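Protein sequence lines correspond, in order, to chains Z and R. Under the numbering used here, the first residue of the first sequence carries the number 1, and numbering increases by one thereafter. Under the numbering used here, the first residue of the second sequence carries the number 1, and numbering increases by one thereafter.
A few of these clues could be false.
Stated by the list, open to error - Heads up, simulated DSSO-like pairs for lysine-lysine below, C-alpha to C-alpha not over 30 Å straight-line:
#, chain 1, residue 1, chain 2, residue 2
1, Z, Lys139, R, Lys80
2, Z, Lys88, Z, Lys41
3, Z, Lys149, R, Lys80
4, Z, Lys139, Z, Lys149
5, Z, Lys169, Z, Lys88
6, Z, Lys169, Z, Lys41
7, Z, Lys88, R, Lys141
8, Z, Lys60, Z, Lys41
9, Z, Lys139, Z, Lys150
10, R, Lys80, Z, Lys150
11, Z, Lys60, Z, Lys139
12, Z, Lys169, Z, Lys139
13, Z, Lys139, Z, Lys41
14, R, Lys80, Z, Lys41
15, Z, Lys169, Z, Lys60
Unchecked claim - Simulated restraints on C-beta separations:
#, chain 1, residue 1, chain 2, residue 2, range
16, Z, Pro179, R, Met88, 16 to 24 Å
17, R, Ala117, Z, Pro26, 41 to 49 Å
18, R, Pro95, Z, Ala144, 32 to 40 Å
19, R, Pro40, Z, Asp94, 22 to 30 Å
20, Z, Ala130, R, Leu144, 30 to 38 Å
Simulated from the structure, these hints should not be mistaken for lab results. Computed from a predicted structure; not experimentally measured. The beta-carbon is built from N, C-alpha and C at its ideal position, and this holds for glycine as well.
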Amino acid sequence: MAIFRQSFFFILICVALLTGCSNKTPSWQLDDVQGHLPDLKFTLTSDTGRTASEQDYRGKIVMLYFGYTHCPDVCPITMARLAAVMQKLGTSADNVRIVFVSVDPARDTPALLHRYVTAFDPHASGLTGAPDQIESLAKRYRVAYEAEKKNANGNYDVTHSSAVYIFDKDGHIRLLATPNSTIEAIVHDVQQLLQS
Amino acid sequence: MKISICAALACSLIAATPAIAAPHQSAAIQVESGWIRWLPGDLPAAGYLTIRNSSNWELALVSEESPEYRNVMLHRSVEKNGVEHMEMVPRLTIPAHGSVAISPGNYHLMLMHARHALHPGDDVHMTLHFSDGEVVKTLLKVRLATQLN
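Okay, chain R solo, but in the shape it has when bound:
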């Protein structure tokens, strides 16, 4: 009886652990609607996507890279008193059960020095690193310069 109770208790404890589970769940981050605005020559381009965090914890995007570009860095466009400027964003928090849109006029992945010529219709590989150690790979579709969103 005692052993059974202990076993039952142990089992229920093990069953209860997911609530305090390790945060390395690959399903926590979903990335969608990724695209890049094509620009001619070797001009810096902007990448956009939406990041969803389905976990119970706030997570943060801490770095990003792409084999197609020598340099990728998250930036934010800021308008103040009619003047535009850009800020680097080394860390972007995504709230628990929330999402952040990296979208035109706001956050954008600044993509510099493409390793080879890219054209509308191409796919660009993007690797996103998060604060919990999660690594998410996604594809961004290259679109015409005239794409609005």
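Here chain Z stands alone, though its shape is the one from the complex:
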């Protein structure tokens, strides 16, 4: 009888270990682009006026968006949605950053970027720089952008990518959020990234 009891516990322990060891494959609600794009890497000027690089974001989930401050509709709604994600993450948001990269460095000075991004989230970052620095980062993620013709008042629009690029704590590209992605889907996936 003792042997049976011992065998039973032995089997129980094995099953427990095996269940514990098996990696539950996470399911993503956003587009899974792991391995399809390079790691986060850049040299730009932050909205505080200092030189910034990807090292400043190590240890944080980064939600990166290319836009410009003179964009009245799409950029603000995207930033508002990302701000809502941060709200829903609660204290977990401490390890997440919204990073807004300007595709209009001519008008987007660090000071203006700072006012803009902090209107949405106090921890959000803005990045600007020399045109070739912006181009380098945009090319890295195959982001197309183009300044349109100036109108009579000297104003112009800039066409730009609609996607939000999400990197894990080690700077690896993981997910893409599109205008159709719900706030809940972004929260779900970012929480999953935080846990892994």
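Put chain R on the given structure of chain Z with help from the hints.
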């Protein structure tokens, strides 16, 4: 008798005219839920609202202005193949007994060069001109940048 019949006919004709009535009915257009997303500095802002057309005719929004902004122009955000751009919309049709939502990610009133600093909670006056000559004045409430809809 004849005069009475004529009078009756005339009266019924007059009574029937509203069906072919002049389109200058002030009740044809209703505007609701107007708001503006506040942004810092002198950045272009977006105004949103819903326009309802209760008339039997298709109407169109043909121009817009505000005393609070030097320039107001209806635009539309368009996404194609992952790229965003904006188009000017000189004329926005509102179907008979229908409505159009000027809302985030879609149509928006692009508001440029505020004449004085605006803050969340302020009211902005907007005047909308329609194809039938109708002029509708409305107020848009300035809201925080984080407002979603």
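Hint check results:
1. Taking the CA atoms of Z:Lys139 and R:Lys80, the gap is about 19 Å. The hint holds against a cut of 30 Å.
2. Among the hinted pairs, Z:Lys88 with Z:Lys41 is consistent with the structure: their alpha-carbon atoms are about 28 Å apart, no more than 30 Å.
3. Straight-line distance between C-alpha atoms of Z:Lys149 and R:Lys80 comes to about 19 Å, which keeps the hinted pair within the 30 Å bound.
4. For the given pair, Z:Lys139 sits about 22 Å from Z:Lys149 by alpha-carbon distance, which is consistent with the 30 Å threshold.
5. At roughly 19 Å between alpha-carbon atoms, Z:Lys169 and Z:Lys88 fall within 30 Å of each other, so this suggested pair holds.
6. Only pairs whose Cα atoms come within 30 Å are accepted, and Z:Lys169 paired with Z:Lys41 is accepted, the gap being roughly 13 Å.
7. A C-alpha spacing of about 26 Å is found between Z:Lys88 and R:Lys141, which places the hinted pair at or below 30 Å, so the restraint holds.
8. The suggested pairing of Z:Lys60 with Z:Lys41 holds, with an alpha-carbon distance near 14 Å, which does not exceed 30 Å.
9. A C-alpha spacing of about 24 Å is found between Z:Lys139 and Z:Lys150, which places the hinted pair at or below 30 Å, so the restraint holds.
10. As the CA atoms of R:Lys80 and Z:Lys150 are separated by approximately 22 Å, the hinted pair is consistent with the 30 Å bound.
11. This hinted pair checks out: Z:Lys60 and Z:Lys139 have alpha carbons roughly 23 Å apart, not beyond 30 Å.
12. For the hint linking Z:Lys169 to Z:Lys139, the alpha-carbon distance of about 22 Å falls within 30 Å, and the restraint holds.
13. With a C-alpha separation of about 12 Å, the suggested pairing of Z:Lys139 with Z:Lys41 holds against the 30 Å cut-off.
14. This hinted pair checks out: R:Lys80 and Z:Lys41 have alpha carbons roughly 27 Å apart, not beyond 30 Å.
15. Between Z:Lys169 and Z:Lys60 the CA atoms are separated by roughly 5 Å; this keeps the pair inside 30 Å, and the hint holds.
16. A C-beta distance of roughly 21 Å is found between Z:Pro179 and R:Met88, which places it inside the suggested range of 16 to 24 Å.
17. Checked against the hint of 41 to 49 Å, the pair R:Ala117 and Z:Pro26 passes, with Cβ atoms roughly 47 Å apart.
18. Checked against the hint of 32 to 40 Å, the pair R:Pro95 and Z:Ala144 passes, with Cβ atoms roughly 35 Å apart.
19. Evaluation of the 22 to 30 Å hint for R:Pro40 and Z:Asp94 yields a pass: the beta carbon distance comes to about 25 Å.
20. The hint said 30 to 38 Å for the Cβ distance between Z:Ala130 and R:Leu144, and at roughly 33 Å that hint holds.
When the structure is compared with the earlier hints, no violation turns up for any of them.
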